[in-house]
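Each chain, written out:
Number of protein chains: 2
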Amino acid sequence: MARIAVDAMGGDHAPGVVVEGAVQACRELGVDVILVGDETRIRGELVRLGAADQKGITVRHASQVVEMHEHPGQAIRKKRDASIRVIFDLVKSGEADAAMSAGNSGAMLAAALFVLGRLPGVERPAIVTFLPTLEGRVALMDAGANVDVKPLHLVQFALLGEVYVRRVVGIPRPRIGVLSNGEELSKGTALTRSAVEILSRHEGIDFRGYAEGKDLFSGDFDLVVTDGFTGNVVLKTAEGTAWAFRQFLKRNIEDSALAKIGALFMKPVFDGVRKKLDYAEYGGAPLVGCAGTVILAHGRSGARAIKNAIRTANEAAGALGDASEEITLACERAAALMASSPAEEA
Amino acid sequence: MARIAVDAMGGDHAPGVVVEGAVQACRELGVDVILVGDETRIRGELVRLGAADQKGITVRHASQVVEMHEHPGQAIRKKRDASIRVIFDLVKSGEADAAMSAGNSGAMLAAALFVLGRLPGVERPAIVTFLPTLEGRVALMDAGANVDVKPLHLVQFALLGEVYVRRVVGIPRPRIGVLSNGEELSKGTALTRSAVEILSRHEGIDFRGYAEGKDLFSGDFDLVVTDGFTGNVVLKTAEGTAWAFRQFLKRNIEDSALAKIGALFMKPVFDGVRKKLDYAEYGGAPLVGCAGTVILAHGRSGARAIKNAIRTANEAAGALGDASEEITLACERAAALMASSPAEEA
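Read top to bottom, the protein sequences are chains L and X. Residue 127 is where the first sequence starts when you use the numbering used here, and the numbers rise one by one after that. Residue 127 is where the second sequence starts when you use the numbering used here, and the numbers rise one by one after that.
Bound conformation, chain L alone (with noise of 0.2 Å):
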């Protein structure tokens, strides 16, 4: 079992709700958890929940926290023992398989990068977010850490997203495709051209080419990839998307003696597609090329998402743990396909 190293004090309920999610973890997925923070605060927590013994739980004190306003790179750099820095070192001197935190995620990445730093080979750690299809899900790379990239960082991600999907998720071969506008190898951006270009050389993979922004849902894809701007905007229409259904649904209800009634026959039905929809039920979100497992989770996250995101740190640290070299190798496939390219268009 992993040792997960754990920011208390990260996230908009901290520490009480990630306290309560660590020791829902211990319980129920017999993980290690290091609780990383203000000891005081943190003993109080698990006095509160009866876990002041629990087996699997330890506190490591860190005096430090990096506020929301902070210049995230500044902060991380000054602040030495920040929580959100101190799991890292954790993980650094090996008294830690992984690192979770549901703090500022600016903060975050700096941390990892300030302390981890990335596998030999790869440009551009990237975060990998999971949506919900028909069948299964699908994972979405960049999730946000790279605003601007060039086609050899969006092949890394390709790579480093299909290391990823493969390795934890389990599927042997996973269906890969670069996000873009329309289907025709002649759509998308000079970026997304020159990318589609070098994976297609790429024999290795099972790339598909293109995907739209409505193939995301169809279960087509296991893996779909972009550039971290587009990444964030496509996962915040598809929650602004979902709400605005559910508000359009409620508001109509309300208008109608009948459709009251009928929305209380359906209501296992709405739970169920509200729980499908639920970030909370996939945990956080894996920054994938570092030196080590790093797993952000959702500001908002409660105490299941914090147990859920706890759990896929364990099972990527698993997955993961021996993937260095493989990375590496794929990371620097990725940069000599790209020198071979006859367009060069980077």
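Derived by calculation from the structure, the hints in this document are not laboratory data. Be aware that one or more of the hints could be misleading.
Repeated chains share a single entry, so a pair holds when one copy, or any two copies, can fit it.
Pairs of lysine to aspartate or glutamate, EDC-like flavour, derived with a Cα cap of 16 Å [claimed, not checked]:
{"id": "1", "residue 1": "Lys340", "residue 2": "Glu310"}
{"id": "2", "residue 1": "Lys340", "residue 2": "Glu365"}
{"id": "3", "residue 1": "Lys393", "residue 2": "Asp164"}
{"id": "4", "residue 1": "Lys313", "residue 2": "Glu196"}
{"id": "5", "residue 1": "Lys376", "residue 2": "Glu261"}
Starting from the known structure of chain L, fit chain X onto it as the hints suggest.
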């Protein structure tokens, strides 16, 4: 009443549904429609619809059609008598006030630029599309015409869109945002940051800074501006999410007898939400910035969508007919602000 030149041969179900939608538009909206395409087939459809002598409908024979697989630019140059090109000839000669087609959108853009050209000062005409919000609708621009854009283009999209939303939708002071991956001005790409810097210095508009994907549906913005790549991805993601939501509901309903009864009671509610989200309700998408009114309709348009696209063409022709000078001034203003930018990131 405006005279609308309609490409009778454009769209997946042409000419049947196009002629049907045009006849409906004549009867219900009182507009004049010039149906452009294969005269024999068009007259056949009119007879089938009992509209052989429909007042307000005229037929203009065009002997050629641009096929989906053809290169848009080349096809438009070569095929001088293609229906999708002749509709613009009619606008240029003053025989029609607006052109509408549900055909190949690449050919539509190429023909609009080739025959009508841009208004003075406009760098890149762009497509406006509307999404439903809780209280009304929001314009998204560019919805797909320009994939690789510069800051000046994004700034001009905001100003072109502002004119459209103010004059055609009738919102006196549209609230404008630039689509981004976060609200803080430090977010976004080099492109969006540069555009935001320019728009912030424009005192004549209600510019609200960045809008996120989830803000599209909140009702906080009347116009959200982005490049055509991201715009297309956003539209298709929203479409895909709504589709997935309906599929999840449907599957869960089928698994429960009680839920089936509930769904029956809720049928009017579901129909209302479907109608709210249905692109066909919104009619076509205007291409703004050309020397003439241009409306693109969805390739999958049925008769109702065609009718609504003709309605949009009629409204746009009426409200934008004398806006050419205003658009030119707005775009020249954008270029002047750009030139005086301290950043000069363009």
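* Asked: Within a copy, between copies, both or neither: where do Lys376 and Glu261 come within 16 Å Cα-Cα?
  -> Intra 26 Å, inter 14 Å, cutoff 16 Å: inter-copy only.
* Asked: What label fits Lys340 with Glu365 when the C-alpha limit is 16 Å: within, between, both, or neither?
  -> For Lys340 and Glu365, the Cα distance is within 16 Å both inside one copy (14 Å) and across copies (6 Å).
* To do: Give the relationship of Lys313 and Glu196 under a CA distance limit of 16 Å: within one copy only, between copies only, both, or neither.
  => between (40 Å within a copy, 14 Å between copies)
* Check Lys393 against Asp164 for me: Cα-Cα at most 16 Å, and say if that holds within a copy, between copies, both or neither. => neither (42 Å within a copy, 54 Å between copies)
* At most 16 Å between C-alpha atoms: does Lys340 with Glu310 qualify within a copy, between copies, both, or neither? -> Close inside one copy (15 Å), not across copies (28 Å); limit 16 Å.
Figure legend: structure checked against the earlier numbered hints; the only hint not met is number 3.
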